[in-house]
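Asker: Sequence:
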Amino acid sequence: MEHDLGYDLAEALEREDLSREDLKALRQPPVEGVPATITDKQLACFLDACDKNIDETRKVLKIYYEARKNGPELFNNRDPHSAAIQQCLQNHGYSVVFHRLKNSRSSNYHFDEAIKTYFMTIDSCLYTQGPRPGIIFLFDMKNVGLMHLTRINMSSVRKFFHYLQDGLPAKLKAIHVMNVVSFFDKILYIIKPFIHAEILNVLYLHTSSANLDSFYEEWIPKSGLPSDLGGDMKSIDELHQDHLKEFERLRPYFLAEERQRNGEAGSLIDEPTDLFVILIIAAEIIQIVVIVIALLAILAGR
Numbered sequence: 001m002e003h004d005l006g007y008d009l010a011e012a013l014e015r016e017d018l019s020r021e022d023l024k025a026l027r028q029p030p031v032e033g034v035p036a037t038i039t040d041k042q043l044a045c046f047l048d049a050c051d052k053n054i055d056e057t058r059k060v061l062k063i064y065y066e067a068r069k070n071g072p073e074l075f076n077n078r079d080p081h082s083a084a085i086q087q088c089l090q091n092h093g094y095s096v097v098f099h100r101l102k103n104s105r106s107s108n109y110h111f112d113e114a115i116k117t118y119f120m121t122i123d124s125c126l127y128t129q130g131p132r133p134g135i136i137f138l139f140d141m142k143n144v145g146l147m148h149l150t151r152i153n154m155s156s157v158r159k160f161f162h163y164l165q166d167g168l169p170a171k172l173k174a175i176h177v178m179n180v181v182s183f184f185d186k187i188l189y190i191i192k193p194f195i196h197a198e199i200l201n202v203l204y205l206h207t208s209s210a211n212l213d214s215f216y217e218e219w220i221p222k223s224g225l226p227s228d229l230g231g232d233m234k235s236i237d238e239l240h241q242d243h244l245k246e247f248e249r250l251r252p253y254f255l256a257e258e259r260q261r262n263g264e265a266g267s268l269i270d271e272p273t274d275l276f277v278i279l280i281i282a283a284e285i286i287q288i289v290v291i292v293i294a295l296l297a298i299l300a301g302r
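Counting with the numbering used here, you get residues 1 to 302 for the letters of the sequence shown.
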C-alpha cells in the first residue's frame, strides 16, 4: 500500500512499548471519517502521541481527518512535482523541524504553500521514523520583516494551530524561536487567540545575542545541528540538497495518502496481518529542516 508509512512497525512497537492489541482496539467500534484503509503503522503514531490512551487516540484520529478535510488549502495537492510545492522546495532522528525565511522579500512568501510544505515535512519524518518521544519546532526569525505579517492568512493560522494542537500524531515537546525580532509581540498578538496555554508553556524565545550553550546542553547538541546554527553538521543548504532526494522518494506516498483521505473516507476495519535530521528548505521563501538526532534520552526525560 503506497499510503502506508515506511518505518519498521515491530521495532517501533517494542521501542515505544505499544501493543498490537491496542491497535486492534482502535478499530472497534469504527471511528467516523477515518479511512477504512488506515494501517497499523499509521495508527501506532496516534497511539504513541496520546500516551496509549485509546479514547484520546480515537478523538485525535477524528480531529486529524476532519482538519485535513476542512483545510484543503493546507493538505491537498501535495505533489512534490507541482509548481506550488517546487516553489517552496527550491532545499533527517528525533524530530526537530526548522523553519527560516530564505530572504527578506515579503512578496516571495506564500503562507498557505509554506504551511503545506511544513506539514509535508512533518509527515515525511513520521513516514521514516514512526513514533518518537517527541518533536521540537525550531523557528529562525532571521529575514522576517513587518511586511511578512501582511502575507498571513488568518483562516490558515486557525487551521494550522487546530491541527498542530489537537490532531497531530506526534508529541510536541517544545517550540524554540531563534533571533527573535523586536515586533514579535505583534506576531504573538495575531496568533495568541488560536494557541492553547499548553503551547505557550513550551514556547522558548532566544534573541540574536543569546548564549546558546544551555540550548545545546538541554535540547539539541551541536552534533545534531547544521553549521548555520553553530552545529557540527553540514550547512543547511547542503543538507537541503540531501533531503530533496528523500522528498522525491516520498512522492508516491504523498499522492497515495491524499487519495486515502479524500477518496476512501469510511470507518476502521481490521488490517490483514501480515535528535538525526530531515530537512526541507524553501529556496526563495522558506527554509525548513527536520533533524532526527540521538536525543531520545533528553526528551524521554521531559
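FYI, nobody ran anything at the bench for these hints, they're computed from the structure.
Being a predicted model, the structure only gives us computed values, none of them experimental.
A hint or two may mislead.
[Said to hold, decoys possible] Within a straight-line C-alpha distance of at most 20 Å, the following computed DMTMM-like cross-link-like pairs (lysine to aspartate or glutamate) qualify:
hint : residue 1 : residue 2
1    : K59       : E2
2    : K62       : D123
3    : K222      : E248
4    : K142      : E238
5    : K171      : E32
6    : K245      : D213
7    : K24       : E56
8    : K24       : D185
9    : K62       : E32
10   : K59       : D79
Asker: Would you list, in rising numerical order, the hints stated earlier that this structure does not obey?
Answerer: 1, 3, 5, 6, 8 and 10
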